[in-house]
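Chemist: Okay, here's what each chain looks like letter by letter:
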Amino acid sequence: MIVQLMYLVAALCFILALKGLSSPKHARYGNFIGAFGMLVGVVTAYVHGVVHNGLWILVAVALGVAVGIPAARSVKMTAIPQMVALFNGVGGAAAALVALAEFFAVRDTTVLFRLATVLTVLIGSVSFSGSVVTFLKLQELMTTRPVLLPAGQQLAIAAGVSSVALCALTMAVPNGFLLWSLAAVGLALGVLFVLPVGGADVPIAISLLNAFTGLAVAASGYVLTNTLLIVAGTLVGASGTILTRLMAQAMGRSLTNILFGAFKATTATAHQEEQRTVKSGTVEDVAILLGYANNVVVVPGYGLAVAQAQHAVRELVSQLEKRGVAVSYGIHPVAGRMPGHMNVLLAEADVPYEQLKELDDVNPGITSVDVAVVVGANDVVNPGARDEPASPIYGMPIFDVDRAKSVVFMKRSMRPGFAGVDNELLYNPKTTLLFGDAKDSLTKLLAAVKQL
Amino acid sequence: MIDLLTIFVLAVFVGFEVVSKVSTILHTPLMSGANAIHGVILVGAILITGSAESTLQLVLGLLAVFLATVNVVGGFVVTDRMLEMFKR
Chain A
1 MIVQLMYLVA ALCFILALKG LSSPKHARYG NFIGAFGMLV GVVTAYVHGV VHNGLWILVA
61 VALGVAVGIP AARSVKMTAI PQMVALFNGV GGAAAALVAL AEFFAVRDTT VLFRLATVLT
121 VLIGSVSFSG SVVTFLKLQE LMTTRPVLLP AGQQLAIAAG VSSVALCALT MAVPNGFLLW
181 SLAAVGLALG VLFVLPVGGA DVPIAISLLN AFTGLAVAAS GYVLTNTLLI VAGTLVGASG
241 TILTRLMAQA MGRSLTNILF GAFKATTATA HQEEQRTVKS GTVEDVAILL GYANNVVVVP
301 GYGLAVAQAQ HAVRELVSQL EKRGVAVSYG IHPVAGRMPG HMNVLLAEAD VPYEQLKELD
361 DVNPGITSVD VAVVVGANDV VNPGARDEPA SPIYGMPIFD VDRAKSVVFM KRSMRPGFAG
421 VDNELLYNPK TTLLFGDAKD SLTKLLAAVK QL
Chain B
1001 MIDLLTIFVL AVFVGFEVVS KVSTILHTPL MSGANAIHGV ILVGAILITG SAESTLQLVL
1061 GLLAVFLATV NVVGGFVVTD RMLEMFKR
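The listed protein sequences correspond, in order, to chains A and B. Each residue of the first sequence is one higher than the one before, counting from 1 in my numbering. Each residue of the second sequence is one higher than the one before, counting from 1001 in my numbering.
In short, the hints are calculated from the structure, not lab data. Hints should not be assumed to be uniformly reliable.
With the C-beta cut set under 10 angstroms, the calculated list includes, among others, these residues of chain A facing chain B [claimed, not checked]:
(1) 25
(2) 31
(3) 34
(4) 72
(5) 92
(6) 95
(7) 124
(8) 238
(9) 277
(10) 278
(11) 336
(12) 347
(13) 349
(14) 350
(15) 383
Listed below are the simulated DSS-like cross-link pairs for lysine-lysine, each with C-alpha atoms no more than 30 angstroms apart in a straight line [said to hold, decoys possible]:
(16) 430/A to 444/A
(17) 1087/B to 76/A
(18) 1021/B to 25/A
(19) 357/A to 430/A
(20) 357/A to 1087/B
(21) 76/A to 1021/B
(22) 322/A to 357/A
(23) 357/A to 1021/B
(24) 322/A to 279/A
(25) 1087/B to 439/A
(26) 322/A to 25/A
(27) 25/A to 1087/B
(28) 1021/B to 19/A
(29) 1021/B to 322/A
(30) 76/A to 19/A
(31) 19/A to 1087/B
(32) 322/A to 444/A
Selected chain A positions facing chain B (in silico; Cβ < 8 angstroms) [what the hints assert, rightly or not]:
(33) 42
(34) 83
(35) 97
(36) 230
(37) 348
As the structure is a prediction and not an experimental result, all values here were calculated from the model. Don't be surprised by glycine CBs; every beta carbon is placed ideally from N, CA and C.
Could you build all of it, start to finish, from the sequences and the hints given here?
Modeler: As structure tokens, then:
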């Protein structure tokens, strides 16, 4: 009774932790509540449920703490997606291991118990291997491009079919070997599922794996008849599902298209446009443009983070504000490597969150914006996504910066963005290009604006 | 068993309700916070290891305890680091 009550307290804490995230003001407090709930749950489990091996458990926990805390303390904010992918993976693996261990303990099993067991093992192992591949891609330990194996699709289908067959078989004939085989097939499935996902689509893969791990944990709650695991796992599953859907919407593509239709980039049509002229400006030109504007919107992309230019852009914006220019940031949902990543990177550079605006906040007033500054972004301001049904990124919501009074486009070169699509905005007479490394250009701009 | 199903269905609704209200700015902390929460599998791992009968179970359980602990502490610490930056 008291144990169930403690689990209820923990579950409530988790819900409050997520609720706290509805506003940046209470968010940190919410996270503390979540951590407290976890402590309550874990201590309850230890005090009530541990018959033997208590010391071993404490050693394993201590080792986990010794690995987890330094890792989390030292990770750079640009590397958060990798870290999250890794935590997804270990969570999924832990769920699969728990289900395996429980399977070998219970003799007399019901059908539902077996169903929950096979699901936990399968989803947990898919989540683990998928997360590891995602981690390798994000950490650039392997190529970030989609990897298309010969007959990859057939392999994936074969793995899918055999995992379903193994699930059914294990439920009919509970057998350790079958369950191990299921885990192995699950691992293969996770790899086959993430390999064809390209760099720009990785945020989707992370969100989906997050949902998977949540579901694996919820399923393990059935295996152990533990309500806390069910509630917490389901909460995570819901969060992962919502984020996956939001990311797919932000890319203007369906989930199946992203996962199974590895970008067939139609770069062929783009070549004829290369002779067209672009207008490139000097730092001084751009400084004048910005310094005497009333209203500026900055649209940052992941290139900004790659160039480590978050602080430089914030300094430039502060300087502009001192001159009375109203500045805000337009943050596209897919700017960065995971949902909301760009917000974190800018917050790290002390940008107040009130200045971070979404598509729906920026686009309605875009025609009255004097200068839109695009830094390290490309596809999210490509008008082709709005106007050209033939474009591979057609349908993706964009910032309509081409409708602002003028555009400054900071670019390292004329290379197209992630999607490999030519950007009409570069040839727009309203657009001034500023070539060079983002950090370098921003620093020079800051100096030039100070001179005005 | 139907009790567990009831809890699951209710949790689905609560989850969607709460998460859909999360500020867009905080989607990364949401994911890493959710990440920390699924580390609750640590509870399961402790229960299973605490009643393990065979060496195989003990090994599987302890590995799960270790992984889940990394997941829990790492998740909460990373989330805290991020949210701290949003306070200003």
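Chemist: Given the hinted pair residue 1087/B and residue 76/A, is their alpha-carbon gap at most 30 angstroms?
Modeler: 19 angstroms, holds
Chemist: Between residue 1021/B and residue 19/A, is the straight-line Cα distance small enough, at 30 angstroms or below?
Modeler: Holds, at roughly 8 angstroms.
Chemist: Let's test the interface hint: is any C-beta of chain B closer than 10 angstroms to that of residue 95/A?
Modeler: 5 angstroms, holds
Chemist: Do the numbers back the hint for residue 277/A, that is, is its least Cβ distance to chain B under 10 angstroms?
Modeler: 38 angstroms, violated
Chemist: Check whether the Cα positions of residue 357/A and residue 1021/B lie no farther apart than 30 angstroms.
Modeler: Holds, because 17 angstroms separates the two Cα atoms, which is no more than 30 angstroms.
Chemist: With a cut-off of 8 angstroms, does the beta carbon of residue 83/A approach a beta carbon of chain B closely enough for the hint to hold?
Modeler: With a closest approach of 6 angstroms, the residue 83/A hint holds.
Chemist: Quick check on residue 42/A please, does its C-beta sit within 8 angstroms of some C-beta on chain B?
Modeler: At about 6 angstroms, which falls below the 8 angstroms cut-off, the nearest Cβ of chain B leaves the hint on residue 42/A intact, so it holds.
Chemist: Could you grab the alpha-carbon distance between residue 322/A and residue 279/A and see if it respects the 30 angstroms cut-off?
Modeler: 29 angstroms, holds
Chemist: May I ask you to test the interface hint for residue 124/A with respect to chain B, counting a Cβ-Cβ separation under 10 angstroms as satisfied?
Modeler: Nearest chain B Cβ about 9 angstroms off; hint holds.
Chemist: Given the proposed pairing of residue 322/A with residue 25/A, does the C-alpha separation stay at or below 30 angstroms?
Modeler: 26 angstroms, holds
Chemist: Could you grab the alpha-carbon distance between residue 357/A and residue 1087/B and see if it respects the 30 angstroms cut-off?
Modeler: Since the Cα atoms of residue 357/A and residue 1087/B sit roughly 17 angstroms apart, the hinted pair holds (cutoff 30 angstroms).
Chemist: Would you check the hint for residue 322/A and residue 357/A, treating anything up to 30 angstroms between C-alpha atoms as holding?
Modeler: Cα-Cα ~20 angstroms, so holds.
The structure fails hints 9, 10, 15 and 29 (numbered hints given earlier, in ascending order).
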